[in-house]
Structures are given as C-alpha cells and as structure tokens.
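Asks: Residue numbers (the numbering used here), protein chains in the order written: chain A, 1 to 337; chain B, 1 to 131.
These are computed hints drawn from the structure, not numbers from a lab. Even for Gly, the Cβ is constructed at its ideal location relative to N, Cα and C. Warning: the hint list may mix true and false statements.
Pairs of lysine to any residue residues, derived as SDA-like cross-links and limited to a Cα-Cα distance of at most 25 angstroms, are as follows [said to hold, decoys possible]:
no., chain 1, residue 1, chain 2, residue 2
1, B, K96, B, L86
2, A, K266, B, A51
3, B, K101, A, L223
4, A, K262, B, L35
5, A, K235, B, S105
6, A, K266, B, I92
7, A, K232, B, L86
8, B, K95, A, K235
9, A, K231, B, A51
10, B, K98, A, I31
11, A, K266, B, I25
12, B, K95, A, L223
13, B, K95, A, N23
Calculated from the model, a selection of chain B residues having no Cβ within reach of chain A, i.e. all distances over 12 angstroms [stated by the list, open to error]:
no., residue
14, R6
15, P14
16, R18
17, K23
18, D31
19, V42
20, Y46
21, K47
22, M89
23, D106
24, K124
Chain by chain, the residues:
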Amino acid sequence: MCLNDVGIMSVSYSAPDTIVTNNEIEQKFGIDKGLIKELTMIDERRIAGDEIAFSDLAVRAGKEAISAADISPSEIGVLVVATSSDDYYNPKSGAFLQRELGTDAFVLNIDQSCAGGIYAISTAAHLMLSKNKGKALVIAGDCDMRKVSGDSPFFIGSGGDACGAMVLGKLKKGKKGILSESFGTAGEYYENFGLYNYGSRVLESSKDGPTSYEQSADGNVILFKVLRWFKKSLKECLDAAGMLKEDVDFYSPHPAAVSQIKLQMKSIKVDIDKTNLVSSKFGHSGSGTHFIILNESINSKRLAAGDSVFMFGNGSGFLWGGMLINWCSLSDFERGA
Amino acid sequence: MIPDQRIPLDKIVPEMIRLIDQKEIYDYVGDAIDLTFSYEIVDCSYKFTLALKSGNLEFEESIDTNADVILKVKANDFHNMTLGKLNFMSIILGKKLKFVKGDLSDMIIIGGLPIDKYYANACKNLEVDYE
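Build the full structure now, drawing on both the sequences and the hints.
Replies: Below is the structure:
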C-alpha cells in the first residue's frame, strides 16, 4: 500500500449559523463603510457565538463526513485533528472527538495554523499506511474570530469560523487517490505574521485582551513569498505526478481573502473559474476552509469523480503544503476497516 | 501628505527606474507573479507602464493596451501613494484610482513592491518635495 492507494471518501463542514455582514463588522469596530469589501472581496462570514466552541463544530462535521462516506465509526483507524483553537489549552480536542464520534481510533492533535488542513490530510494518510489502517478521519478548522480585534480591517474582514471533516479510505486495486504532495517551512518569517498571544512567551501581565492578538511585521514580503511557495508547491506536485498545470481540473489555493486567491490563480496564469470562491460567503476559517470549498464544489457539481484537484495552504511560521489528488467515487474504495 | 503642487512625474518616474536596484526587486519578488500596470496621469497627460516580469521591473512611457491593469490617477495622488504617504484606506475610500482595467487585488502587488525609497531618492535628485 502506498500514498496513491489513499483517497478522499467524503468531505463535509460545519459552520455557525450566524452570518456576519461587512456592515456589522464595520459598525462594531469603527471601520469605514465599504472598506472590508474593497480590501477582501468578502461579502459575509460565519462567526461563532460565545456558546459555541471548536469541538461543537468538529463533532457535527465529523458525523456528517462519516455518514457521507457510508461507514461505521468503528471502521476509523486514525483520527487527526488540526486546529489552533482547541476548546482548552489542555487537553486538546482529539480525545474528546474520539469519544463523541464513537471511534477507538489512534488520535493525533496537530497545530499547523492555517495550513493545518493540508498537513492533517497528509499525516492521516501516512498514518494509515504505517499502521495498516483502512480508514482515517481528518478534522480541521478554527473558531477564534471572537478573540480578534478590529485593528486590521483586512484580517478581521477575511476571517470566519468553521470546521471541516474528511474521511480517507483505501482504494481498490488500480485506483489512485493522492497523487503527490509538497511541503515546506521558512522559519525566517516566524515573526512576520501570527497571533502572538496566549503562549508561554507572553507574560500574563502583558496580555491586553484581544487587542494584542495580532501582529504583522511585514505583510508585503509575505504576499510575494506565498505566491512563490504556491507556485513551487504546484510545480513539485505536478512534476512528481508527471502532470501539467493544464491537467488539473480544480484548484483550491490558500483560501484567505478573495483578493489573495485571485492573485494566486493569476500567478500561475490559470482562469479563476478553475476554483470556487466560497470564501466570499464563509470567510477564511483557518485550516478548515479547503473542506468547505471541496464540499460546496461537489454540491454545485463543479467537482466530480475523475477530476484532479490541487490544494494549497500556508500558515504563520511560515509553513506551507500542497497536495495533488484524484477525486474518487465511493465505489472506488474498499469496504470495511 | 504633500499638498497639491506640480509634480513632474515625467521626470521623477524615469529617474526612479534609473535608480532602482533590479537585484533587490528580483530577490524580493522572484517568480511570484508577472503583472503589467499602465498609468494615465490625468492632470498632466503623462502615460507610462510598469511591468513586473520574471522578477524584473520594466518601464515604458506609453500605455500597454494588453496590461493587466490600466488606471487613471492624479499626479499628486500617485506621488503620495508611491511615497507611502497616502494609505490604502484613503486611496480606496477617497476613490483616488479609476480602474479602466483590473481591480484592487492587483494593486496589492504594485503597492507591495519596495520602490518607495527609489521614488524618494528620485524626488531628492530632482529637488521635488517628498518629505
């Protein structure tokens, strides 16, 4: 069994019901009217109320993904949870989700910031291979918009809360799922962008509530770097799979502000129609957004079995990852654990 | 912000291009993206194009009709924008840019280039107010 033998059986997501418009954010934070739309090209986003935690969204998304894959929770051998917004500092959410979803899977919690979804898919696939498991559940998302201040109209306008889930399965002989992957880290940009709070580096007395949550030293250089990492990751994935960019049917670039997505597509000279700009309705929910894009694209028939998909995500640190995947139908997978 | 005055962009922009260290631009941008921006300076009939190609910044004193972005802007607004004295919020809300082609997402690229210091030095060389 190799990486090609692992495919995506189902993908789902859960987002809070509350829709927050640009107008509401602009009024709440004293931002000039119309600025958020101009900066981000996002119309609205989902933001969780104080009564909703990450695990609430994760349980719902996980149950839907298991149901859509038409499997029993007991078949799941690996559970990987990626988030930067666990319910508690400790314990992390994985064990709770294992219990609530009714699996006895091997559990791993990871935090790769906004790139967490891509890393979680890869990690789960590799764990399936090393542990000889037939199914894995990946849960990824973030739920921390309530902590973010309005100091940066771009940041507050781009974000949203949501969680995605995906079941990976072993494919029947002759079928291919994950075609290639490419990951990288550039630690020299550790201080360039992030949420520099609530860690052991930050003294309790220096916390100033949510207003000190964000820090961005030089966003410009990161923009150019993200485009370069996106192109590098795509090239490495295509080369490894023996494909050309024209062979890719659907792209899911780093799903932050729509303006950033458009630049990523422009950087590779691929038409914007080859992606689905769902960020304009959901915002960017950290590691969970790819799952929304894939689910919504399947539902709107923009993505179907047989299509090849390139996904890319980057996160503060800085780290990034890309995966090239052949989209499969449920009948392509082996049944049972 | 520098108040309205006659800004000789037809002299400043070529001087800025002369001063630019292309290696710095290349190291900063690399192969991130190729984009072409054409400017029509509405109050002095000056037209020029800045093209980011393979990490190099190219310059022509004309409009490229195939440019990714074509925009109209007043000389004083271009001057303040390039010097970083007119922030993004003021540019957007003050409707300082009129897009004939392209949109604001493209402007993130040109706005992100490290050219402000070269523009300031060009102004200094030509004795134009830049502080």
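Asks: Run every hint past the structure and note whether it holds.
Replies: Here's how the hints hold up against the structure:
Proposed proximity of K96 (chain B) and L86 (chain B) is supported: the alpha carbons are some 10 angstroms apart, at most 25 angstroms. For the proposed pair K266 (chain A) and A51 (chain B), the alpha carbon gap of about 15 angstroms is at most 25 angstroms, so the pair holds. Proximity of K101 (chain B) to L223 (chain A) is assessed by CA-CA distance (about 22 angstroms); at most 25 angstroms being required, the pair is judged to hold. Taken as a hint, the K262 (chain A) and L35 (chain B) pair is honoured in the structure, with Cα atoms around 13 angstroms apart against an allowance of 25 angstroms.
A C-alpha spacing of about 24 angstroms is found between K235 (chain A) and S105 (chain B), which places the hinted pair at or below 25 angstroms, so the restraint holds. For the hint pairing K266 (chain A) with I92 (chain B), the CA-to-CA distance comes to about 22 angstroms; that is within 25 angstroms, so the pair holds. Proposed proximity of K232 (chain A) and L86 (chain B) is contradicted: the alpha carbons are some 34 angstroms apart, above 25 angstroms. As the CA atoms of K95 (chain B) and K235 (chain A) are separated by approximately 39 angstroms, the hinted pair breaks the 25 angstroms bound.
Restraint check for K231 (chain A) and A51 (chain B): satisfied, since their Cα atoms lie roughly 20 angstroms apart, inside the 25 angstroms limit. Only pairs whose Cα atoms come within 25 angstroms are accepted, and K98 (chain B) paired with I31 (chain A) is accepted, the gap being roughly 23 angstroms. The hinted pair formed by K266 (chain A) and I25 (chain B) meets the criterion: a straight-line CA distance of about 19 angstroms does not exceed 25 angstroms. Distance restraint check for K95 (chain B) and L223 (chain A): the Cα-Cα separation of roughly 24 angstroms lies within the 25 angstroms cut-off, and the hinted pair is therefore satisfied.
Taking the CA atoms of K95 (chain B) and N23 (chain A), the gap is about 19 angstroms. The hint holds against a cut of 25 angstroms. Separation of R6 (chain B) from chain A is adequate, the least Cβ-Cβ distance of about 30 angstroms exceeding the 12 angstroms criterion. Chain A leaves P14 (chain B) outside its interface by the beta-carbon criterion, the shortest separation being 24 angstroms against a cut-off of 12 angstroms. Against chain A, the non-interface label of R18 (chain B) holds: every CB pair exceeds 12 angstroms, the least being about 23 angstroms.
The beta carbon of K23 (chain B) is kept farther than 12 angstroms from every beta carbon of chain A, the shortest such distance being approximately 15 angstroms. With a cut of 12 angstroms on Cβ distances, D31 (chain B) falls inside the contact zone with chain A, its closest approach being about 6 angstroms. V42 (chain B), annotated as away from the interface, keeps every beta carbon of chain A farther than 12 angstroms; the closest lies near 21 angstroms. With a least beta-carbon separation of about 26 angstroms from chain A, Y46 (chain B) lies farther than 12 angstroms from that chain, consistent with its non-interface assignment.
Residue-level check passed: K47 (chain B) sits 23 angstroms from the nearest beta carbon of chain A, beyond 12 angstroms. The Cβ of M89 (chain B) does not lie farther than 12 angstroms from every Cβ of chain A; its closest approach is about 6 angstroms, which violates its non-interface assignment. Its beta-carbon lying about 8 angstroms from the closest one in chain A, D106 (chain B) breaks the requirement of being farther than 12 angstroms from that chain. With a least beta-carbon separation of about 23 angstroms from chain A, K124 (chain B) lies farther than 12 angstroms from that chain, consistent with its non-interface assignment.
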